[in-house]
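Going line by line, the protein sequences match chains A and B. The numbering used here puts the last residue of the first sequence at 226; the count rises by one with no breaks. The numbering used here puts the last residue of the second sequence at 226; the count rises by one with no breaks.
Some clues are possibly wrong.
[To be verified] Label pairs and their computed distance ranges (CB to CB): (1) B/C26 <-> A/I72: 36 to 42 Å; (2) B/T75 <-> A/E133: 46 to 52 Å; (3) A/T75 <-> B/N198: 50 to 56 Å; (4) A/H85 <-> B/D97: 56 to 62 Å; (5) A/P45 <-> B/N135: 28 to 34 Å; (6) A/E82 <-> B/Y176: 46 to 52 Å; (7) A/G28 <-> B/I71: 19 to 25 Å; (8) B/H112 <-> A/E133: 27 to 33 Å; (9) B/R151 <-> A/E175: 47 to 53 Å; (10) B/Q173 <-> A/C26: 51 to 57 Å.
Don't read these hints as lab results, they were simulated from the structure. For every residue, glycine included, the Cβ atom is placed at its ideal position computed from N, Cα and C.
There are 2 protein chains.
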Amino acid sequence: LKKFVIIVAAGAGKRFKNHIPKQFECLGGKPILMHSVNAFYEAEPQIRIIIVLQSDFFQCWKDLCVKHDFIIPHTLVMGGPERFHSVKNGLSHIPDDGLVAIHDGARPLISHEIINTAFIAADKHEAVIPVIEVNDSVRITEGSEHKAAERKKLRLVQTPQVFKCSVVKKAYQQEYDLRFSDDATVVEAFGGKVRLINGSIENIKITRAQDLHIAEALLKARTLTS
Amino acid sequence: LKKFVIIVAAGAGKRFKNHIPKQFECLGGKPILMHSVNAFYEAEPQIRIIIVLQSDFFQCWKDLCVKHDFIIPHTLVMGGPERFHSVKNGLSHIPDDGLVAIHDGARPLISHEIINTAFIAADKHEAVIPVIEVNDSVRITEGSEHKAAERKKLRLVQTPQVFKCSVVKKAYQQEYDLRFSDDATVVEAFGGKVRLINGSIENIKITRAQDLHIAEALLKARTLTS
Numbered sequence: 001l002k003k004f005v006i007i008v009a010a011g012a013g014k015r016f017k018n019h020i021p022k023q024f025e026c027l028g029g030k031p032i033l034m035h036s037v038n039a040f041y042e043a044e045p046q047i048r049i050i051i052v053l054q055s056d057f058f059q060c061w062k063d064l065c066v067k068h069d070f071i072i073p074h075t076l077v078m079g080g081p082e083r084f085h086s087v088k089n090g091l092s093h094i095p096d097d098g099l100v101a102i103h104d105g106a107r108p109l110i111s112h113e114i115i116n117t118a119f120i121a122a123d124k125h126e127a128v129i130p131v132i133e134v135n136d137s138v139r140i141t142e143g144s145e146h147k148a149a150e151r152k153k154l155r156l157v158q159t160p161q162v163f164k165c166s167v168v169k170k171a172y173q174q175e176y177d178l179r180f181s182d183d184a185t186v187v188e189a190f191g192g193k194v195r196l197i198n199g200s201i202e203n204i205k206i207t208r209a210q211d212l213h214i215a216e217a218l219l220k221a222r223t224l225t226s
Numbered sequence: 001l002k003k004f005v006i007i008v009a010a011g012a013g014k015r016f017k018n019h020i021p022k023q024f025e026c027l028g029g030k031p032i033l034m035h036s037v038n039a040f041y042e043a044e045p046q047i048r049i050i051i052v053l054q055s056d057f058f059q060c061w062k063d064l065c066v067k068h069d070f071i072i073p074h075t076l077v078m079g080g081p082e083r084f085h086s087v088k089n090g091l092s093h094i095p096d097d098g099l100v101a102i103h104d105g106a107r108p109l110i111s112h113e114i115i116n117t118a119f120i121a122a123d124k125h126e127a128v129i130p131v132i133e134v135n136d137s138v139r140i141t142e143g144s145e146h147k148a149a150e151r152k153k154l155r156l157v158q159t160p161q162v163f164k165c166s167v168v169k170k171a172y173q174q175e176y177d178l179r180f181s182d183d184a185t186v187v188e189a190f191g192g193k194v195r196l197i198n199g200s201i202e203n204i205k206i207t208r209a210q211d212l213h214i215a216e217a218l219l220k221a222r223t224l225t226s
């Protein structure tokens, strides 16, 4: 069974300090994006890796690869205006058979266990996403009004979102819609059925400077206990 | 204007390691609960502090106060079977006039700014809660089914939730209802109107062992930048 991963790191990092795209910031001495790539390579050594970046940052990434002796084989693909277009560009580089994981480059702490479990589940169920429960109370706003939501019914969605290649490639032929909030919603809009598996609170997305401190702490705790 | 805070730390810590209630675990060398109390004392030096604990842990807390030279004046109140009853016990120790903040003992990183802002807003609006936006995609489950939720309409609710004493004390005279997920829902069920203010992603609730690593990192980052 052929396995692929598309690691999406095509954001411009507007919410991050210094306007350096966050995927190039260092975490434990190594760029965030390299952690994400490593995780898939270690979990699934035969996997084919596609990294989607804005072309402005191709040279920056290549320089970082040299600097950090990063030699995991991968294909660089150009990002688009929205995440949807970036993923679509990535999908154009994979065949119709096999399974593909689509992963946020800014989730460097993804565990091997979730990667393995998601691929096994996707082989059975065609579309699989990791989710976690919500700890806090939740409100739904509607204009200036708001009311309590049922926390226990809600799940926060993470990546990797893993699909049969044939299914997700066809789904991405649809016109772009603003309601496509992630890959699962694209597949659902095309009639696909999505299966939930357990994610992990450690699998955070690094969006703001503060998240990097949190990731450093989690990485350190992981090193101590392994 | 009289100000009060009820710090609720009456959980038994079932989800935490070693079954030690999490509020007594150390963060930066000091029990989590002491950080929470300190924050209110520093933000509002005239505040009257009520701490709600299960009575089994009164002695443990007193010993910790001696050990850590903790001399901020406070009243200890016995917890009840559910959070609702613990808060109600706390409210029985405050008068009908003034403002009261109700805060999770397990949110030690609450900022002075949010505390001050919440009190000012509660003086105007009678009921105020801090909320933050949701970063991840969200799903709503319904039995074994699920669908995408509108992330942008959702807010995660934190504490302190701050109220006019008269309003919240009356609201807590209601019969307990399983749908009371926090103090705001109790006040709303009694006809009160709740105002949202900005919380902070740093204001995490320490529920599991992993959260303590995150809190350590945030505390360290705060020390470095202040």
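- Task: Please flag the earlier hints that this structure goes against, numbers listed from lowest up.
- Result: Numbers 2, 3, 7 and 9, in rising order.
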